[in-house]
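Trainee: Each chain, written out:
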Amino acid sequence: MKRRNFIGLAGMGAAGALLQGMPALGRTISEAEALVMRADAAAKKRMADVALQAARSKGATYTDVRIGRYLNQSVVTRDNRVQNVANTESYGIGIRVIANGSWGFAASEKMDNDSIAKTAALAVAIAKGNAKLLTEPVQLAPQKGYGEVSWKTPIEKNAFEIPVKEKVDLLLSVNDAALKGGANFINAALFMVNEQKYFASSDGSYIDQDIHRIWPTFTVTKTDKATGKFQTRDALSSPMGMGYEYMYALPEHKLTGGPTTLYKGRYDMLEDVQAATRQVAEKITAKSVEPGKYDLILDPTHLGLTIHESTGHPTELDRVLGYEANYAGTSFLTLDKWKTKKFNYGSKLVNIHADRLQPGSLGAVGYDDEGVKCGEWEIIKDGILVNYQTIRDQAHILGLPASQGCCYADSWDSIQFQRMPNVSLMPNTQTRSVADMIKGVKKGIYILGRGSYSIDQQRYNFQFGGQLFYEIKDGQIVGMLNDVAYQSNTQEFWNSMTDIADKNDFRLFGTFNDGKGQPSQSSAVSHGSSTAKFEGVNVINTARKI
Amino acid sequence: MAILSKDEAQTILKKVLSFAKADETEVNLGGSQSGNIRTARNAVSTAGEVSNLSLGVSSSFGKRTGNATINEFDDASLEKVVRRAEELARLAPENPEYMPLLGPATFKESIGFNNSTAAMTPDTRAEMVAKSLKVAKDAKLESAGFLQNSAGFRAMMNSKGLFAYNKSTDVSFSITVRNQEGTGSGYIDHSYNDVSKLDTLALTKIAANKAVTSAGAKAIEPGRYTVILEPLAASDMLGGIIRGFEQRTADEGRSFMSKKGGGTRLGERLFDEKVNIWSDPMNPDLPGSTWSGDGMPVDKTVWVENGVVKNLACSRFWAQKKGIQPLSGPGGGRFGGGGMIMGGGTASLEDLIKNTEKGILVTRFWYIRMVDQQTLVQTGLTRDGTYYIENGQIKFPVKNFRFNESPIIMLNNVEELGKPVRSGSSILPPMKIRDFTFTSLSDAI
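Quick note, the sequences are listed as chains A and B, same order. If you want this note's numbering, it's the position in the first sequence, counting the first as 1, plus 1. If you want this note's numbering, it's the position in the second sequence, counting the first as 1, plus 69.
Just chain A, same shape as in the assembly (with noise of 0.2 Å):
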């Protein structure tokens, strides 16, 4: 395809979009390239060595070296035809270092033993000038050495190995099922991605690590003429932290008895597809719902970005704290709250919980990117807000004795700092299945999937849409409804959560492409939970006549 075909892409919408955004798009490559190592993790640890001890020499007091390898491979689709196959590579070094008490940091591509003392030489320079302006000198959370470690998705197939010809074909024939079955248009694209990241630190850690992440996702649209009214249905896909094995869906990652299947752990993309061919048509007759007050019934496909913007956002410290304050923003959730022990985020039933392990995840890694063990621990337990998520540098505002892990850089020449792991809503202890929770709604909508979002910037006030909302009367689903969206408060919407659907249910969420930093680094992150009752929450009509 034409580099202009890739740049035209943006008008795809969401797979277009994250196109553009996408981290760590170096040159391209050949598929076959993308399966030969660059250098073993000897020869990464030589390198490292280099950089360590030139850092040490120019007065460093600490440093990290991070030696990446990032591979991208995109198939995108539309109709009968394929738009764009990509495969790039980023490869390169970046060091950070502290020098009289401030941060520094320096990365070159250039990968020669003379090239990195140079860059680690600059890295030094650079701490000791921005030192001539600290306020604060950086106090570092102890770190152990870890020594040579490894760490590896748990992949069943890696993607890479997948030919380009099998994808291709397999995304031209979800569009053929689309077209066939009556809808006017279809792009369906897949996106992999392969962080090869070497991680060594003058704390004496060595870790290599090999991540691997997939998203699958497709937006059929169907006209209608006469009208001149157009829907699209989008996937009920998420991304995940695996390899193509998602691709493929058994009886068991199944979940039907709904009004469509929805998918646990594996993906059925050409199912899936059908299903939205159906939906797509209903939605343009679909009634326009009546605005008012509404029980919600919340599918994991939905709630998650909810829990991503509501709860994930504004405990991210560096946000609390104003370091966000000009770009992603700060928040409501602030220090003296959490100093209580008593702030009353959620209902009884809310607990959540930030992991950086959850297999499946897109935030699955055994270490970070300082070089912090990875674990779970509670955001918000039983309703009341009793941690955040921090890096090394911030682990002493809370009085914690160790970084949580937070840390991330979107490529090897990118600063990493704090970033969100997955933080998940825990399911119920009892057992709950959605088919009695809806049963027990009088006046409700059942919303899923990823609509249009949008939150405040220190994470009050929010308004969501969806791919699909079904409206419940007396207990029972009557019908398809059309220009939904909700409006709450966090603290009012979590406090109104009065049901949730046991661990059967308990399903991730994706984003692939989460912004934050300025310049802007793009992060993935995974939102577990289970189907979750909200009730009396405010519904309005977005329709408009132009």
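Each hint should be verified, as a subset may be incorrect.
[Stated by the list, open to error] List time: in silico EDC-like cross-link candidates among lysine to aspartate or glutamate, alpha-carbon distance up to 16 Å:
#1 A:Lys-343 x A:Glu-283
#2 B:Lys-328 x A:Asp-225
#3 A:Lys-133 x B:Glu-163
#4 A:Lys-166 x B:Glu-163
#5 A:Lys-374 x A:Asp-211
#6 B:Lys-343 x B:Glu-484
#7 B:Lys-132 x B:Glu-178
#8 A:Lys-226 x B:Glu-321
#9 B:Lys-488 x B:Asp-420
#10 A:Lys-46 x A:Asp-204
#11 A:Lys-440 x A:Asp-475
#12 A:Lys-145 x A:Asp-211
#13 B:Lys-329 x A:Asp-383
#14 A:Lys-343 x A:Glu-379
#15 B:Lys-369 x B:Glu-178
#16 B:Lys-84 x B:Glu-148
#17 B:Lys-132 x B:Glu-118
#18 A:Lys-133 x B:Asp-192
#19 B:Lys-229 x B:Glu-93
#20 B:Lys-369 x B:Asp-349
#21 A:Lys-230 x B:Glu-163
#22 A:Lys-129 x B:Asp-192
#23 A:Lys-230 x B:Glu-321
#24 A:Lys-230 x A:Asp-484
#25 B:Lys-328 x B:Glu-342
#26 A:Lys-342 x A:Glu-379
#27 A:Lys-338 x B:Glu-250
#28 A:Lys-226 x B:Asp-320
#29 A:Lys-111 x B:Glu-141
#30 B:Lys-149 x A:Glu-379
#31 A:Lys-546 x B:Asp-504
#32 B:Lys-379 x B:Glu-342
#33 B:Lys-83 x B:Glu-93
#34 B:Lys-209 x B:Asp-192
#35 B:Lys-423 x B:Asp-341
#36 B:Lys-83 x B:Glu-163
#37 A:Lys-382 x A:Asp-356
No lab work stands behind these hints: they were computed from the structure.
Assemble the complex: chain A is given as a structure, and chain B must be docked to it using the hints.
Mentor: Only chain B this time, still in chain A's reference frame:
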């Protein structure tokens, strides 16, 4: 050196094409140099400088195309990248929408490069930011900001003899100033082609003043209000609509430009007659590229005249299919083809306020997302200075609102337009709009 001159670029491109064996070959060369400095809590948090230069080759055999890129420029590397693109082209599927490359054309010399902006250094950036930090510290306020400048060039040559070159610069500065109690917040965000126009001290004072005057906001009922949008707010709301002026999606029935019963709304009066929108790569405040990525010239284009839709952008493939002329889109400013320019009058923001009996003054919007692609209804929130106006005067700050509104409806409800200024990648006037829909209140400051 990442910014190559026209001659330097031409020499490299010719050499690359000399290795080509495909039916058609297009080579793109681009480079940029950019630097930034970020502050938070009244201190510098990070600073950086990035430079890159890369070359991309597109080789086509029939309707099969392969792409390869490289950032090494010795002869062997240049030949290697051509061979790789040709190899990938042979393996690629046929693209039914492939269009033959265009031949030579004369493009206007772009006016986007400013030497002073290109010459900025870490020291000049630090000095500009130091002035800004002093304003906040002296006033006992807390600031967080970002200053970024860039210089870049791009050049293209193809096997049919087309050659195009463009270079540009840009500098942007934004700052959020908050009072220590966290009850007031102000913001500015300005971009310029020429750094001599950037006054970080004056801009920070505006943001600091808003941080003070927006404190103690009162809650008023959401509903439909007359609003006065500062150019930043207008650009937040309208900057994206220009992308919808596009023929193919309109013909396909999936755009606000699609007509009931089929066809497009080209020629219809879609907006108030005070609305005039165009793009112009030769505008000195918002210069853009004079050629598009596929080698078409980019000229001044009128998109809306007295409320009537005058043009829709159209790709070469779609134009051929429909038997119409292709037309380059307006791009996104900077390295694209010049952004959206909206005409106005001569009134200042103060004049607009003076003529208002009852209304809301909006500094900026935040987190705008599309709610309905059919009507372009968007949602988002006000922030960093929202004020109640009565009898021609700002009376008091009000709590922030969430809105749900369509820019199409907005541009039908235009009461008055002020003097246009550049805001981000657009040039827009401050504007008074009636019946703007606020749907709820936010506690955010």
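Trainee: Next, verify each hint and record whether it holds.
Mentor: Structure-based check of all given hints:
no.	hint	in the structure
1	A:Lys-343 x A:Glu-283	violated (46 Å)
2	B:Lys-328 x A:Asp-225	holds (11 Å)
3	A:Lys-133 x B:Glu-163	violated (59 Å)
4	A:Lys-166 x B:Glu-163	holds (13 Å)
5	A:Lys-374 x A:Asp-211	holds (15 Å)
6	B:Lys-343 x B:Glu-484	holds (9 Å)
7	B:Lys-132 x B:Glu-178	violated (32 Å)
8	A:Lys-226 x B:Glu-321	holds (9 Å)
9	B:Lys-488 x B:Asp-420	holds (10 Å)
10	A:Lys-46 x A:Asp-204	holds (14 Å)
11	A:Lys-440 x A:Asp-475	holds (7 Å)
12	A:Lys-145 x A:Asp-211	violated (22 Å)
13	B:Lys-329 x A:Asp-383	violated (53 Å)
14	A:Lys-343 x A:Glu-379	holds (14 Å)
15	B:Lys-369 x B:Glu-178	holds (14 Å)
16	B:Lys-84 x B:Glu-148	holds (9 Å)
17	B:Lys-132 x B:Glu-118	violated (40 Å)
18	A:Lys-133 x B:Asp-192	holds (13 Å)
19	B:Lys-229 x B:Glu-93	holds (8 Å)
20	B:Lys-369 x B:Asp-349	holds (4 Å)
21	A:Lys-230 x B:Glu-163	violated (33 Å)
22	A:Lys-129 x B:Asp-192	holds (14 Å)
23	A:Lys-230 x B:Glu-321	holds (11 Å)
24	A:Lys-230 x A:Asp-484	holds (13 Å)
25	B:Lys-328 x B:Glu-342	violated (20 Å)
26	A:Lys-342 x A:Glu-379	holds (13 Å)
27	A:Lys-338 x B:Glu-250	holds (15 Å)
28	A:Lys-226 x B:Asp-320	holds (10 Å)
29	A:Lys-111 x B:Glu-141	holds (11 Å)
30	B:Lys-149 x A:Glu-379	violated (53 Å)
31	A:Lys-546 x B:Asp-504	holds (14 Å)
32	B:Lys-379 x B:Glu-342	holds (13 Å)
33	B:Lys-83 x B:Glu-93	holds (14 Å)
34	B:Lys-209 x B:Asp-192	violated (25 Å)
35	B:Lys-423 x B:Asp-341	violated (22 Å)
36	B:Lys-83 x B:Glu-163	violated (27 Å)
37	A:Lys-382 x A:Asp-356	holds (14 Å)
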